[in-house]
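One-letter residues, chain by chain:
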Amino acid sequence: MSVSANTTGTKVVKTTVLLIGALLLFAPFLFQDTRALEVAARICIFIVLVASYDLLIGYTGIVSFAHIMFFGFGAYGGAIALKQMGPGWDAVVVGALAGVAVSLVVAVAIGLLSLRVKAIFFAMITLAAASVALVLASQLSNFTGGEDGITYRAPSIFKTATKLMVDDDGKVMRIFGVKMNGKLAAYYFVFITSFVLFFAMVRLVGSPLGTVLKAIRENEARAEAIGYRVVSYRTFVFCIAALVASLSGTIYAIWLKYTGPDTVLSFSIMIDILLMVVIGGMGTMWGAVIGAVLMVIAQYYLRDLMGVAAEATANLPLLPHLLDPDRWLFWLGIIFILLVYFFPKGIAGTIMAKGEKS
Amino acid sequence: METITKIVTRFGGVSLLPVAVALLAFVLIGAPSSWVTLTIAGLAMGMMIFLMASGLSLVFGLMDVMNFGHSAFISFGAFIAASVLAGLSGWLGSDLIILNIAALFLAFAAAILFGMAAGWFFEAVIIKPVYKDHLRQILITMGALIVAEQMILALWGGAPMTVHRPQFLEGSFLIGDITIEVYRAFAFMLGLAVYVALYLTLNRTRIGLLIRAGVENREMVEALGFRIDRLFVGVFMLGSALAAMGGAIWAGYETLITPALGGEMMIVVFIVVIIGGLGSIEGTLLGAIMVGLMANYVGYLAPKLALTSNMILMMVILLWRPNGLKPAVK
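Protein chains in written order, with the numbering used here: chain A, 12 to 369; chain B, 535 to 864.
By construction, these hints were calculated from the structure, which means they are not laboratory data.
Nothing here was measured: the structure is a model prediction, and the numbers come from that model.
Keep in mind that a hint or two might mislead.
What the hints assert, rightly or not - Sample of chain A residues at the chain B side, in silico, Cβ under 10 Å:
| hint | residue |
| --- | --- |
| 1 | A120 |
| 2 | S125 |
| 3 | I131 |
| 4 | V146 |
| 5 | V289 |
| 6 | L340 |
| 7 | F341 |
| 8 | G344 |
| 9 | F347 |
| 10 | L349 |
All residues carry an ideal CB built from backbone N, CA and C; glycine is no exception.
Working from the sequences, and respecting the hints, build out all of it.
Okay, structure coming up:
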């Protein structure tokens with residue numbers, strides 16, 4: 012299922028991704044309201060998270076439900092460090108490193124313990140592990156803040172009140188009407204770190220290692236027979252994915268200035284990631300970008316649309332309940348099932364396969 | 535050492551594990567009366583979990599299909615039974631025990647019928663197109679789980695729902711200074727009855743023989759001219775019905791159910807199936823009893839550890855036996 016580099020479809024997908032990248036780069040200037048900036052930052056972070064999940068599910072064929080756990084480790088690492096040590100870059104570094112360390116230890120343990128067994132076993136074990144992490148986070152309340160989570164301050168450069176540039180009157184300078192304040196710095200911090208992580212992953216799957224991973228996905232026995240240690244490779248990629256997820260968790264924690272079980276550990280986020288990767292297209296990396304963009308936008312704006320639809324059908328039985336804005340996952344679930352049936356390669360994969368024959 | 539191993543094997547091998555756990559707990563707890571109460575609670579819980587998990591395990595063993603949406607049947611069973619009981623609350627309140635039993639029977643029947651119908655639908659529409667493709671199976675059944683959970687939220691709303699128990703299952707009886715809740719005893723007996731029925735069906739009937747043969751070697755059975763896919767639909771429906779029934783009993787046990795119930799039980803069910811070893815009813819029962827006992831003992835001895843006890847149990851058992859205690863699938 013290798014997709015040759017120069018199909019028209021590939022060009023379309025890459026152009027789209029490039030366009031999304033450009034939109035994200037200039038997001039603060041293009042969409043000047045706080046909600047849009049929130050959406051853009053969330054998209055950046057989820058692109059990284061989903062791409063790292065794609066390393067597992069798309070490139071290596073590992074189905075893990077513990078990905079959100081590593082994201083949570085990173086987020087809680089950053090949150091606890093920022094809370095205990097006060098806002099500062101040292102806290103960010105310590106938190107990120109602590110999150111990564113915990114993630115790696117847990118990933119190695121899970122990987123060595125259970126990557127030998129069947130994919131289904133692994134999926135079930137990771138699901139159990141993730142649920143334990145969620146329970147622990149809400150139980151160890153003097154450490155993690157329990158259900159309420161932790162609120163803290165980010166490094167001072169990211170404060171909305173911080174002036175990055177001042178004009179002649181000593182006020183915050185505006186460029187194209189955008190205030191040069193800490194919020195902007197925070198967004199670009201998110202954007203740049205996400206971009207670096209994503210780019211690193213794109214390089215990784217293009218390397219010889221990426222080829223080995225695909226070989227394992229396609230035919231495990233043959234890869235083993237050629238001489239690759241399948242368990243080592245799987246454990247390695249599981250650790251890499253955990254590491255990236257953990258780092259993106261820390262970035263999210265810095266952006267949000269709040270960390271709680273619902274925002275970084277809940278199972279619904281895991282489902283979001285799964286939906287994003289499948290909708291976007293497994294095993295393409297670009298699919299992660301498309302899936303994350305579509306899903307996050309749907310999360311923020313589809314609900315408004317559904318609210319209107321629910322009101323319009325208010326007189327019919329059951330339908331308004333299903334069209335309720337809170338039921339948006341219902342429709343996404345149906346779309347998801349249909350996609351897995353008819354377009355298992357997802358949006359990016361399907362488009363990229365276009366024009367392959369010519 | 536070897537003689538000890540032989541003796542242990544002769545008396546049941548790994549099946550003795552729950553007994554060992556119970557004995558250890560007896561020493562640690564000290565007070566016999568609370569030990570008995572906890573053990574009975576654990577056994578009852580184990581039996582309910584067994585009902586929910588057995589279908590999943592059988593389906594996997596027979597057709598190599600893992601249904602991540604299994605917990606949807608549990609939630610639906612719980613909510614349907616609760617709704618029927620709520621609708622028949624007049625019968626429940628009456629003094630006539632016949633009406634009580636009738637209401638309970640109707641509630642369970644509704645849950646089981648739904649489980650069978652939904653199981654058939656699930657098998658035919660959701661799972662059939664993705665046989666032998668584990669990745670897509672996991673994804674599709676997960677998608678179905680999302681849809682099912684959303685439907686529960688749309689139909690019953692997100693608020694917790696009180697479950698009305700029949701009058702004769704309320705309260706508890708005393709033997710010496712040991713209190714036994716009636717409902718626990720009831721759940722235990724029901725689970726035991728289902729286990730015995732399943733065991734007899736699998737080991738004493740022709741259908742059971744075919745199922746076991748199918749678990750062992752599917753192609754061979756098909757080559758002999760049996761339509762194993764039809765058999766599989768039956769097993770799937772049975773498994774779903776059992777899950778719905780387990781959910782219904784669980785609803786009565788908890789008396790307050792929320793839509794999150796399915797998700798919570800799914801983790802436990804998975805742990806049980808992994809511990810027991812996929813594909814075998816005995817293994818599932820063993821795993822379920824272990825989890826039930828551990829949950830109650832640990833909850834009493836070290837409440838802080840209670841939430842992670844299942845996970846630790848699973849880790850330990852997987853380290854010892856990577857395929858579970860009594861796997862039927864090689």
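Results for each hint:
With 10 Å as the threshold, the beta carbon of A/A120 comes within range of chain B, its nearest partner Cβ sitting at about 9 Å, so the hint holds. Given hint, A/S125 at the interface with chain B, holds; its Cβ is 7 Å from that chain's nearest Cβ, closer than 10 Å. Residue-level restraint check for A/I131 holds (minimum Cβ-Cβ distance to chain B is 4 Å; threshold 10 Å). Hint status for A/V146 relative to chain B: holds, with the closest Cβ pair at about 5 Å, below 10 Å.
Contact between A/V289 and chain B, as hinted, is supported at the beta carbon level, the nearest pair being about 6 Å apart and thus within 10 Å. Proximity of A/L340 to chain B holds as hinted, the smallest CB-CB distance being about 5 Å (cut-off 10 Å). Interface hint at A/F341: satisfied, since its Cβ lies 4 Å from the closest Cβ of chain B, which is below the 10 Å cut-off. About 4 Å separates the beta-carbon of A/G344 from the nearest beta-carbon of chain B, less than 10 Å, and the hint is met.
The restraint placing A/F347 at the interface with chain B holds, with a minimum CB-CB distance near 4 Å, inside the 10 Å limit. The interface hint given for A/L349 holds, since its Cβ lies 9 Å from the closest Cβ of chain B, which is under the 10 Å cut-off.
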